[in-house]
Each structure stands twice: as C-alpha cells, then as structure tokens.
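Peer 1: If you read the sequences in order, they're chains Z and P.
Residue 33 in the numbering used here sits at position 33 of the first sequence; the count goes up by one each step and never skips.
Residue 54 in the numbering used here sits at position 54 of the second sequence; the count goes up by one each step and never skips.
Among the hints, a few may not be true.
[What the hints assert, rightly or not] In silico contact screen, one side only, chain Z against chain P (beta carbon under 8 angstroms); selected entries:
(1) 22
(2) 24
(3) 84
(4) 104
(5) 122
(6) 157
(7) 159
(8) 161
Derived from the structure by calculation, the hints contain no laboratory data.
Every residue gets a Cβ at the ideal spot worked out from N, C-alpha and C, and that includes glycine.
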Amino acid sequence: MKELSLNILDITENSVKAGATLTEISIIENGDTLTIVIKDDGCGMSDEILKTVENPFYTTRITRKVGLGIPLLKMAAEQTGGSVKIVSNTNVATHGTTVTANFFKNHLDFTPLGDIKETIVTLIQGHPDTDFLFIHQTQLGEVKLDTRELRAVLEGVPLDTYEVIVWIKEYLNEQYQLLDNR
Amino acid sequence: MKSLAELQAIKDKMKDKVVIREGVSTTRVVVGMATCGIAAGARPVLSAFVEAVNEGGLAQTVTVSQTGCVGLCQYEPIVEVYEAGKEKVTYVKMTADKAKEVVEKHLKGGKVVTEYTVANCE
Ligand SMILES: Nc1ncnc2c1ncn2[C@@H]1O[C@H](COP(=O)(O)OP(=O)(O)OP(=O)(O)O)[C@@H](O)[C@H]1O
Ligand SMILES: [Mg+2]
C-alpha cells in the first residue's frame, strides 16, 4: 500500500465485515512513533483462525483463502522496526477484535500516513449504518469525529447523504488546519 | 467553522427528500473495495464517482456503493455499472479521471466507454 491510511481503510473493512456496530480508529503520534489502533465489537476470531491470519504462509491447512490485508499491515510495520498485535475474542458478551500496529516514523521504510480524511469519509460513505469513532492524536493536539454524535443530530437522515459527506470532509479539513496552525 | 448547527440545517433540508429518493434509483455503480482494489487505487475512484454523480445532478437515479473482491485482482480498480434492463458493464483499471469520464459519457450520455471495459483489456 502506498499510504498507511489505505491500510487503515482495508483493516477497518474487516471490522465492518465482522458485523461491528462500532469501530474505533485511533492514530497516536508521539515522538518518532506512530501507533494505529483499530478496535471493533464485531464477531471476533477463534484462536485457530487468529493463528492462520497472523501467519498465512506457514499454515498447512488450506481451509480458507489466504487474506492479504493483515500481512500487508504487518509488513508495513515490521519494515520500520515496529510490530502488529491482534487481540480477538468471540465471547458472546465481549466479542470483538483489536488490531494494534506500531511504526517508527524516522525509519527509511516508513510509509507516510497519506490522506486519512479520505479514508474516514470513504468508510462512512460505504457503511452509513455502522458507527466510527476516529481520533488522531499528535503532540499538537487532536482531531476527533464520532458518527454517533452526527447521527444524533441527523435524526434519521442517512450519513451517506451527499451534503452530509461534504460536511464531514470540510469538518475534517478544518480540524486538521487548526491542528497545523497551532 | 463547521458546526453541528450547520449539520442540523442539512438535516432539516434533507428530511423530506429522503422519502422521495428511496426506490427511485435505476442505476447502481459498484466499486470493488477489497484489499486488492484499495491497493490498486480504488479509494480516489470511489470518491470521484460520488462527487461527479452528485455534482452532476444524477443523485436521484444513480447510487454509488462499495463491494468486496470481484475476483479479478489484476484488473483492479474495478467498477461495475448495473442499469435496469441492461447488461452489466465492467470497467477495469480505473482512475479518478476515467471515473469522471464514465459519469459524463455513460451515466449522463448513455454511451458505454468501451475502451475502459473488461472486454478491451487483454
Ligand atoms: N476485525 C476482524 N474481526 C473478525 N475477523 C477478522 C477481523 N479481521 C480479520 N478477520 C479474519 O481474518 C481474515 C483475514 O483478514 P485479511 O484482511 O488478512 O484478509 P481478507 O479480509 O480475508 O481478504 P483481503 O485480502 O481482501 O483483505 C478475514 O477473512 C477474517 O476471517
Ligand atoms: Mg481484509
């Protein structure tokens, strides 16, 4: 992937596919580290599936097609000296998955974050009935968007209404400008 | 500053329209957004379709949606156009510029842009 924001889009699609009602996407930048956390309340993965997902090329069983999403994220993190950790749970009461990826920004092979605003807008446009909580923390401050708050204001008007999508785009643009000007 | 009050104004404006819109769409544009599609550049293609369809006044009849892997990874980004009563058209190796062209010529003009279709790809 050319941008980490594309990995974020791809990994979050897994959460939506797993039936998540809320997916929290956090980006935390601190010194030379960047951490991405994608936490969902979807169906979760069994330990067995989790093992094959983390090591798709070492599994001897071919019970499912080999996915590329998580291996690509792992590669992007590990090539900077970072790592990916996945915690998942299929318990009826507490099901969900948390993917945490650590990156070292100063490493030569660090992939830039790219257009994270487009990723958030694309997710909302494609999955207007699912909620997303997006938080991007840097040392300057943070940008935050919670679709539950927008949904409360919209009272039934779908989040993928074009006027709403444009509003979200402009809102994120403004939030990032404020951050940059601090 | 963008405010929630502004969003509220959008809601008030859209509230009545929503009911009307449902069930009227006759054309569906579907963009493949699996890992292979995203890696090949599907995100800007999707965004170009959403913008061109809405800015071009086609929102009443055309919906733009996302799907998973279509199974033709080497041709990504892939876009399928479904029109009522017509055969599906599959566009391959799309870009944002090609997307705008498809909206103009195909969705508005009714003429399939054959040079970007799968049949013309080999
Ligand atoms: N958040 C999640 N919740 C539940 N299952 C998940 C989650 N993320 C991944 N999985 C499981 O792990 C598998 C592998 O994910 P991965 O993204 O690597 O590939 P994929 O989604 O199957 O295919 P693609 O290459 O199109 O991404 C998924 O098919 C799914 O079964
Ligand atoms: Mg995936």
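Peer 1: The structure should be examined with respect to each hint, and the outcome stated for every one.
Peer 2: Here is what the structure says about each hint:
1. Violation of the interface hint for residue 22 (chain Z) is found here, the shortest Cβ-Cβ separation to chain P being roughly 19 angstroms, above the 8 angstroms cut-off.
2. A hinted interface residue such as residue 24 (chain Z) counts as satisfied when its beta carbon comes closer than 8 angstroms to some beta carbon of chain P; here the least separation is about 20 angstroms, so the hint is violated.
3. Annotation: interface hint on residue 84 (chain Z) violated; nearest CB of chain P at approximately 15 angstroms, more than 8 angstroms.
4. Against a cut-off of 8 angstroms between C-beta atoms, the interface hint on residue 104 (chain Z) is violated, since the closest Cβ of chain P lies about 23 angstroms away.
5. Of the supplied interface hints, the one on residue 122 (chain Z) holds, with its beta-carbon coming within about 6 angstroms of a beta-carbon of chain P, less than 8 angstroms.
6. Of the supplied interface hints, the one on residue 157 (chain Z) holds, with its beta-carbon coming within about 5 angstroms of a beta-carbon of chain P, less than 8 angstroms.
7. The beta carbon of residue 159 (chain Z) comes no nearer than 10 angstroms to any beta carbon in chain P, farther than 8 angstroms, and the hint placing it at the interface is violated.
8. Here the hint on residue 161 (chain Z) is kept, as its CB sits about 6 angstroms from the closest CB of chain P, short of 8 angstroms.
Checked against the numbered hints above, the structure breaks hints 1, 2, 3, 4 and 7 and satisfies the rest.
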